Amino acid sequence: MSEIPDKWSIAAQDIANHSDDFTKWENFIKISESTNSSKLIILSYENLLVKYPYLEQYWINYARWFFKFNNLPKSIETFKRSLKIIPNSILLWNTYLDLLLKIFPNDENLLPYFETARISIGYHYYSSIFYDKYLKFLNDTNLIHEYYLLLRIIIQVPQHQYLKYFKIYLKLIENADLKSIKYIITSSDLKKLTNFKWVDLLINENNFKKLKLELKKKFTDLYITTQFHSWKFYNFEKKLGINYYIPHRELTRLQLQTWRSYLEYVENLNLKVAIKDKEQNLLKNNFNQIDTLYNRCLIVTNEYHFFWIKYSNYYLNLNDITKAKSILINGLYMNPINNLKIRIRLIDLYIITLEFDNAKAIIHEGLKLLPYNYQLFYKLIEIEHFTLPSNVEKLIISKITEISKLKNQQLENQFDYLFMEMLSYSSITVSRLSKIFEKYKNKKSFNYLKARKQFMSFYNKPTIMEDKKLPNGWECEYF
Amino acid sequence: MPDLSVLHNFPQWEKLLRDLDDDIYDSKLWDDLITHHEKLVENHTELIKSRKELRAILYNDVNKLLTKFPYYIIYWKRYHLIVKTIEGLHASIDILKRAVLICPYSLELWMDYIQLILNTETYKITDTELKLIFEKASSKIGYFFTSHDFWISYLDWMANKYGMNSNDYIQVLLKVIKLPLHQYAKFNSKFQHVYKNFAISDLIKDADLQQFINENNYWSKDEGTLEDFIEQNSEFLITEYFKVQLEEIKRRSNEKWQYETNLKLYFDLTFIATEEICKWLDYIEYEEDYHRGKAQLDNNPEIINLYERALLPTCLNDKIWIRYNRYLIQNNGPKELIISNFNKACDHFVPIDMKDIRYMYIKYMQLKLKKIDDCKSIFMSLIEKLNTDSDIVSKYIDFLIALEETEENKLTLIEDLINCVHLFNKNNTVVVHTEKKQKVAKKIDESKVAKETDLSIKSEDIVKLSYMLNFWTVGELVVNVCKFYWFKLHNIKKTREIFMLFFNTEAVRSSKAYWFAFFKFELSQRNKKNLKHITDKVKLWSTLSISDVNLIISEYNSFALKNFTLAEMKDNERDIIKNILETDEESSLHMKHFLKVRLADDNNEDTVNKRLVRENGHPSGSSDGRPTLINPILYSDNLSEIDINSFPVPKFRNVEKANNNVKFIRESL
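Sequences listed follow chains B and S, in order.
At the far end of the first sequence sits residue 479, using the UniProt record's numbering, and the numbering has no gaps.
At the far end of the second sequence sits residue 669, using the UniProt record's numbering, and the numbering has no gaps.
Take the hints with a grain of salt, since some may be wrong.
[Claimed, not checked] From chain B, some residues computed to sit far from chain S (all C-beta separations above 12 Å):
| no. | residue |
| --- | --- |
| 1 | Ile129 |
| 2 | Asn338 |
| 3 | Glu365 |
| 4 | Lys368 |
[To be verified] Computed footprint of chain S on chain B; a stretch qualifies when at least three of its residues, placed anywhere within it, have a C-beta under 8 Å from a C-beta of chain S:
| no. | segment |
| --- | --- |
| 5 | 14-25 |
| 6 | 78-88 |
| 7 | 208-221 |
Because the hints were derived from the structure by calculation, they are not lab data.
Predicted model, so just to flag it, every value in this text is computed and none were measured.
From the three backbone atoms N, C-alpha and C, an ideal C-beta is built for every residue, glycine too.
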C-alpha cells in the first residue's frame with residue numbers, strides 16, 4: 001500500500017464526508033478501478049457493498065474483478081456472499097451461472113447449481129432469461145430426461161414469456177416416441193386417461209395418436225391456467241417500473257402502491273378458503289412465490305421501512321416469529337437509525353418472546369446514536385418490569401433526575417411523559433405514585449400536570465396543590 | 001313566497017335554485033345565480049319591469065341570500081344595482097338604507113349610501129335627517145382604521161352647511177383627531193388650520209383641561225386663580241394639550257397598523273382558517289390591553305366596534321362571538337346586547353356543530369340570569385338537532401345532577417338514568433340470526449322483563465330526554481352514572497357493577513364513550529381480567545369505528561407489555577401478536593382477523609376471507625372462480641435428487657371460467 005494515488009485519497013476523503021451521496025460513491029469506484037490496483041479495488045468495493053448491500057450490479061462487477069485478477073475462488077465466493085444477501089436476485093444467479101458455464105462448459109455436475117438457482121428465482125416473473133439458459137445447458141449436456149421434466153415445471157409458472165415454453169412442450173408431445181412419452185406421462189396416468197398400457201401404444205399407431213390428442217387437451221388447459229395468472233400478474237408488473245436498486249432514489253406513489261397491492265394479491269391467492277386441504281403442493285408453491293415476490297420487492301424498496309414491516313407481519317400471521325424477527329433485523333440494517341418503527345417492533349417481538357437480552361441489545365444500539373430518545377427508554381422500562389419489577393420506579397426517577405440535570409427544557413418536557421407512563425405500571429403502588437407526585441409538585445409541564453390530574457381523579461387523592469383552573473374573577477370556563 | 005311556476009321558462013334559473021337547495025354554502029352557485037339575474041335585468045329590462053311576479057321571485061332570491069348571509073357586502077352592492085336598473089335611483093337608495101340597518105358595521109355600505117344621498121339632488125332629505133345619518137354612521141364605522149374618507153365627507157358637508165368656524169364643525173373635528181386612524185395626520189393639519197379661531201373652552205372640556213394642568217403641574221395656587229392662568233396661557237395650553245394627544249395617536253396608529261395590514265376583512269363562504277381568527281384575536285387583545293391600562297374597558301365603543309368589525313369575516317365561526325360576549329359579560333356590557341349576540345350567533349350564524357357558543361349561552365342563562373328552564377330547553381334542542389353527539393347528553397346529565405342539592409335526590413336521578421337505559425334495551429331487541437340464538441335470546445328477555453317490571457322514570461327531564469336518545473347516545477347515560485359513582489362517591493365496586501350491568505346490551509354496542517370509559521376505569525384499577533374482556537368484546541362484537549377499536553387494542557397491548565408476568569406473556573403471545581397485526585397499518589387486510597369477524601354477518605371470519613378471494617385483484621368487483629392448477633409439481637423438489645420418470649398429468653379447477661368477466665357492483669345492481 002505504499003503508493004496510493006492522490007486522486008484516490010481525495011475521493012476516499014470525499015465519501016467519508018458525504019457517505020450518503022451515491023454519486024460520490026460511483027466516482028470513488030470509478031477512480032479505484034482506474035488505478036488497476038487490486039488492493040484499492042477490493043477495498044473500495046468492500047466499503048461500498050457494506051454500505052449498500054442491495055446493489056446487484058456492483059456485486060457482479062466486484063466478482064468480475066476477482067476473475068480478472070485470476071482469483072477464481074474469490075470470484076465464486078463473492079457470488080455466494082451476494083446471494084446470501086439477495087437470494088432471489090435473478091441478475092446475480094444469471095451471471096454466476098454464466099461464470100460457472102464458462103469455467104466448466106457442458107459439465108453435468110452443474111445441475112445442482114441450476115436447481116438451487118431455480119428454486120430461488122424460478123418464480124420470478126422475468127425468469128425466462130434463466131430458464132432459457134437452463135434448458136440450453138440440459139440440451140448441451142444431453143440430459144434429455146431432465147430437459148423434459150424441467151419444461152414440465154416451467155409451463156406451470158406464470159411468467160412474462162409463458163407462451164414459448166408451451167410451444168416447445170406441445171412439440172415434444174407431438175414428436176414423442178415410445179421412450180420419450182414416458183417422460184411426459186406416468187403409467188398410472190396413462191391408464192386413467194386412456195385405459196391403455198404402454199404395450200398398446202406399441203401395437204397400434206392410432207392409440208398413440210389418441211393419447212397425444214388427450215395430452216394436448218390437458219396441456220392446453222394448463223396453458224389457459226398459466227396464461228390467466230400471467231396476465232393477472234402483468235397488470236401489476238407493468239406498473240412497477242424499475243426492478244433494481246438505486247440508492248436514495250424515491251419511488252413514485254404508484255410504484256409503492258403497486259408493490260403493496262401486488263403483494264396482497266399473491267397473499268390472498270393463498271388464503272385457506274381458496275385452497276383445499278389436499279392441495280398441499282399448491283399451498284407450498286404459493287408460499288415460495290410470495291417469498292420470491294417479497295424479496296424482489298425489497299431489492300427495490302429496501303429503503304422504505306414499511307415493506308420490511310409488511311414482510312415480517314406476513315410471517316407473524318403465519319405464526320413464525322423467528323422468521324419475522326430475522327426479517328426485521330435485515331430491515332434494521334437497511335434503514336436509517338432514526339427511523340424507529342422497525343427497531344421498536346423488533347424490540348416488542350423480543351419482549352413478547354421473552355428474549356430480554358436481545359431486546360436490550362437492540363435498544364442500547366439505538367441509544368448509542370440517539371441517547372435521549374424517549375421511545376427507546378420506555379421500552380427499557382418495559383423490560384425492567386419483567387426482569388426486576390421493583391426496579392421500575394427507580395429507573396424512572398433516576399431518568400427524570402438525569403434529564404433535569406441537563407437543563408434542557410424541551411427534553412425535560414418530553415421526558416415528563418414518564419409520569420404518564422408510570423401510571424400504567426402495576427409494579428408501582430398507588431401510595432408510591434402519590435409520593436412521587438408530591439415530590440415533583442413544582443413541575444409545570446403539560447405532561448406532568450396531565451398525569452397528575454389523571455392520577456388524582458382515578459385514585460381520589462387529595463390535591464397537593466389546587467389546580468389553577470379559572471383565571472381570577474371568572475365564574476366558569478367561558479367568562 | 002312568490003309563485004315559482006313561471007320559472008319553467010327559465011331552466012337555468014330553476015336549476016341554480018335546485019342546486020342551492022342542496023348546498024346553501026356554495027359561493028359559486030350564488031355568484032352564478034346573481035350573475036344570471038344581472039344579465040336578465042340588463043338584457044330584458046322591459047320584460048322584468050312589466051312582469052311583477054318575475055320581479056318578486058328575483059328579489060326573493062337576493063333577499064334569501066342576504067337574510068342568510070347579511071354580511072355579504074358585495075351582494076348588497078349588486079342588489080342595489082339591480083334595483084337601480086329596474087326601479088330607479090330612489091328605490092335603490094332604499095336598498096342601501098336597508099343594508100346599513102342590517103349590516104351596520106360596513107364602511108363600504110355606509111360610504112355608498114351617504115355618497116348616493118349627497119349626489120342625488122332629487123332625493124328629499126332634510127339637513128337634520130342627514131346629520132342624524134352622519135352621526136349614526138360615525139358611531140358604527142367612525143372607529144374603523146381606514147374611515148378617513150367617511151370623516152372627510154362628513155367634515156366637508158359640515159363646512160359647507162355651517163362653515164369651518166362653526167362650533168358644529170369643530171366638534172366633529174375634535175372627535176376625529178382623538179381617533180387613532182390610518183390618516184390621522186390629515187385631520188390634524190385641518191385642525192391646525194382652524195383651532196386658532198376658537199376659545200380654549202370650545203376645544204377642551206373643563207374637566208379634561210384641569211386634569212391636564214394638574215398632571216403637568218403648570219399651575220400652583222400662589223400664581224392667582226386658575227381661570228386667570230388659563231386665560232393668560234390659553235395659546236400655550238392648547239398647543240401642548242393637542243401635541244400630547246397627537247403623539248399618543250401617532251404611536252397607536254403605528255401600532256395598530258402592524259395588526260391591520262394582514263387581516264382578513266370581508267365575508268365570504270370559504271372556510272376561515274384558525275390563523276385568520278387568531279390574527280383578529282391578537283388585535284383585540286392589544287386593543288383591550290390598551291384600554292384596560294386606561295381603565296376604560298366598560299362599554300368602550302372602540303372595542304365594541306372592533307369586535308363587530310372582526311365578526312364581518314368570522315361570523316360563521318364561534319370564536320369571536322365567544323370572545324365578544326366574554327368581554328361584554330366581564331365588563332358590564334348591556335344585557336340586551338349580550339342576549340342579542342347569543343341569539344344572532346346561535347340561531348343564525350354559527351353552524352350547529354360548533355357547540356361552545358351554545359354551552360356558553362347555557363352558562364350565561366344559568367349563572368347570570370338564573371333561568372334554569374331555559375337552560376334545559378337549549379340543551380334539549382341541541383340534543384335533538386345533534387342526535388348522534390353524546391357529548392351534549394353527557395353535559396346535560398352533569399347539569400341535571402348538579403342541580404339536585406341533596407345526595408338522596410341525586411341518587412333518585414341516577415336510578416332514573418339506569419332505568420332509562422334498561423328501557424332502551426327493552427325496546428330495542430337484538431336482531432338474531434340463527435334459531436339457536438333466538439331461543440337463548442328469548443330466555444334472557446323473559447327473565448329480564450320479570451325482574452324489571454317497574455322501570456318507571458320519576459324525573460320529567462329524564463323522561464323527555466329518553467325520547468331523544470338513540471344507539472349513539474344512550475351509552476353516555478351509563479358513563480355518567482359510573483363517573484358519578486367513581487369520581488363523586490368513590491365507590492369502585494358499584495361503578496364496576498353498573499359498567500358490567502350493560503356489558504352485553506345493545507345500548508352500549510355503538511357507544512364509544514362507554515367502552516373508552518370502562519377501559520380507562522379498569523386500567524386505573526389494573527384489572528387484567530376485565531381489560532381483556534373489554535378488549536375482546538370491543539374487537540369482536542362492538543360497532544365502533546375501526547380507528548376507535550384499534551385504539552383500544554393498542555392500549556391493551558401497551559398495558560400487557562407493562563403489566564403481564566412472564567407466564568402471562570407466554571400464554572398470551574399469540575393474542576398479543578394478533579393485536580399487533582390488527583392495528584398495524586402495514587398489515588394486509590386478511591391479517592386483520594378481528595375486523596373480519598366484525599364485518600361478517602355470521603361472525604365467522606371465513607365469510608370475509610371468501611369475499612377477499614372473490615374480489616382479489618379487482619376490489620369492488622368479484623369473480624366466481626379463477627382457473628387453478630390443483631396438483632402442481634412441488635417447486636422445491638430438486639431435479640438432481642428425485643427419481644421419477646415423469647410428473648403426474650395436471651388437474652384443474654375452474655378452467656372453463658378463465659374467460660368469465662369480472663362482475664362489478666354496478667352491473668349486479
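Evaluated hints:
no.: 1; hint: Ile129; in the structure: 18 Å, holds
no.: 2; hint: Asn338; in the structure: 19 Å, holds
no.: 3; hint: Glu365; in the structure: 20 Å, holds
no.: 4; hint: Lys368; in the structure: 23 Å, holds
no.: 5; hint: 14-25; in the structure: violated (count 0)
no.: 6; hint: 78-88; in the structure: violated (count 0)
no.: 7; hint: 208-221; in the structure: holds (count 4)
The structure fails to meet hints 5, 6 from the earlier list, while all remaining hints are met.
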